[in-house]
Amino acid sequence: MKTEGMGRARLGRFAAITVPATLASVGLGIAIVQGMVAATISSAGGFDLDTSLSADALKVRPGQTQVGDADTGKETIFAETENARADGLTVKSPTVNLPLVQGVHLEIASTDSDIGLGNVALNAATLRTPDGASLNNVTLGQAQSRSGFSDTSQASGYDATGFSLVSGESTLNNISAKAYAVTLSGLSLNNLSLSVKRS
Amino acid sequence: MSTSQKPNLFVRAWRGITRWRRTRPFWGSLALLAGAYFVANPLFGAEWAFYVHMGVRGMTPLLLAGGMAAAALVALCAPAQRHFPAIVASMFSVASLPLANLGGWIIGMMFGIIGSGLIFAWTPYSEKQLAKFAAREERRGRRRALRTSAA
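So the sequence lines, in the order shown, correspond to chains A and B.
In terms of our numbering, the first sequence opens at residue 9 and continues consecutively.
In terms of our numbering, the second sequence opens at residue 1171 and continues consecutively.
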């Protein structure tokens, strides 16, 4: 029995909100993929990042970030690259427990062999390159104040007199990292796949 | 109606909840709340030092998710005020794509857009529609009574 005060959703009004919003989000998505809009990804639980990276310059220093109860005060690797290009890219989000489908994660992947990333700042708990890496013009042990890091906040573990590694042209093959934050100045790729998978 | 025909407490409570649910954009608000949850989810459990390190960028997903959740609660508690929060929530949902972990890994943004659309789309029945529903109910009742008397 329908009485006064009850109502229902009307399709025309639903479309008035969802159609422009969908068009705007598709436009923004294309702009992100084309590298016109910077995207920020950050996670307290850490997310998995797999790629092969080459860059004009690489700076690495110890960092720290306090994230989540399990990872409080954990040391991290803070890496900044200039004009980075990636060969293949896979980002796995932290696992989300949903009421019906327990434990799923989102996977964003691209099989492009030449993905333009611009300048990248990566704060990772672990970073492995099992297939090796090549670094040119390496300066090991240079004071962080002389390396020109963009993030010099003490909370990020920056120590002006602390250890850092600076190199020129660098290639890191098959990087496997558990990252807490990645900032990309742009992302330029030709194919992108999004999928929700069970963890 | 005699006392024995009265519905029990559970049935009466369920009918009350159903009536409450139908007098507001319930499913839209739930979808929008789910969107807010997914947008903020990657940052749950973070400590203050995390936000200090991340700066304003670290706060953005929480601000967007907070705005979406507030819009959902306004629509749920004050249905008459639903239009403006729905429009703002749809903007927040779209903005979450570049600003908050690719829109809460896309899922949060989709829930946000659908939820705010459902909230905006919800409208109470007009007097004319209610009169039409009442007339239809009356016709059905008459037919039922005829069938019963024929049997």
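Keep in mind that a hint or two might mislead.
[To be verified] Cut-off 27 Å, straight-line C-alpha distance, at most; resulting in silico cross-link-like pairs (DSSO-like, lysine-lysine):
no., chain 1, residue 1, chain 2, residue 2
1, A, K10, B, K1298
2, A, K186, A, K205
3, B, K1298, A, K205
4, A, K10, A, K100
5, A, K205, B, K1176
6, A, K205, A, K100
[Unchecked claim] Derived list of chain B stretches under chain A, where covered just means 3 residues or more per stretch with a C-beta under 8 Å from a C-beta of chain A:
no., segment
7, 1275-1285
8, 1308-1321
[Claimed, not checked] Among chain A residues calculated to face chain B with C-beta under 7 Å, some are:
no., residue
9, M14
10, A29
11, A32
12, V34
13, I49
14, I85
15, N91
16, G111
17, L114
18, A117
19, Y166
20, K205
FYI, nobody ran anything at the bench for these hints, they're computed from the structure.
Remember, predicted model here, so these are calculated numbers, not experimental data.
Note that CB positions come from ideal geometry on N, CA and C, so glycine has one too.
Hint check results:
Of the pairs offered as hints, the one joining A/K10 and B/K1298 holds, with about 12 Å between alpha carbons and a cut-off of 27 Å not exceeded. A hinted pair counts as satisfied when its Cα atoms are at most 27 Å apart, and A/K186 with A/K205 qualifies at roughly 18 Å. Restraint check for B/K1298 and A/K205: the C-alpha separation of about 49 Å exceeds 27 Å, so the hint is violated. Taking the CA atoms of A/K10 and A/K100, the gap is near 47 Å; set against the 27 Å cutoff, the hint is violated.
For the given pair, A/K205 sits about 49 Å from B/K1176 by alpha-carbon distance, which is inconsistent with the 27 Å threshold. Note on A/K205 and A/K100: the hinted pairing holds, with a Cα-Cα distance of about 10 Å set against a maximum of 27 Å. Residues of the segment 1275-1285 of chain B lying with their CB closer than 8 Å to a CB of chain A number 6, which satisfies the three-residue condition for coverage. Proximity of the segment 1308-1321 of chain B to chain A, defined as three or more residues with a beta carbon under 8 Å from a beta carbon of that chain, is not established by the 0 residues found.
For A/M14, the interface hint holds, the least distance from its beta-carbon to any beta-carbon of chain B being 4 Å, beneath 7 Å. About 5 Å separates the beta-carbon of A/A29 from the nearest beta-carbon of chain B, less than 7 Å, and the hint is met. Interface restraint check: A/A32 against chain B, minimum CB-CB distance 5 Å, threshold 7 Å, status holds. For A/V34, the interface hint is violated, since its Cβ never comes within 7 Å of a Cβ in chain B; the closest pair sits about 10 Å apart.
The criterion of a C-beta within 7 Å of any C-beta in chain B is met by A/I49, whose closest approach is roughly 5 Å, and the hint holds. Residue-level restraint check for A/I85 is violated (minimum Cβ-Cβ distance to chain B is 14 Å; threshold 7 Å). A hinted interface residue such as A/N91 counts as satisfied when its beta carbon comes closer than 7 Å to some beta carbon of chain B; here the least separation is about 21 Å, so the hint is violated. For A/G111, the suggested interface contact is broken, since its CB lies about 13 Å from the closest CB of chain B, more than 7 Å.
Hint status for A/L114: holds, given a least beta-carbon distance of 4 Å to chain B, under 7 Å. For the restraint placing A/A117 at the interface with chain B, the shortest Cβ-Cβ distance is roughly 13 Å, beyond the 7 Å limit, so the hint is violated. Below 7 Å, beta-carbon pairs count as interface contacts, and A/Y166 has none with chain B, the closest being about 10 Å; its hint is therefore violated. Checking A/K205 against chain B: minimum C-beta separation of about 12 Å lies over 7 Å; hint violated.
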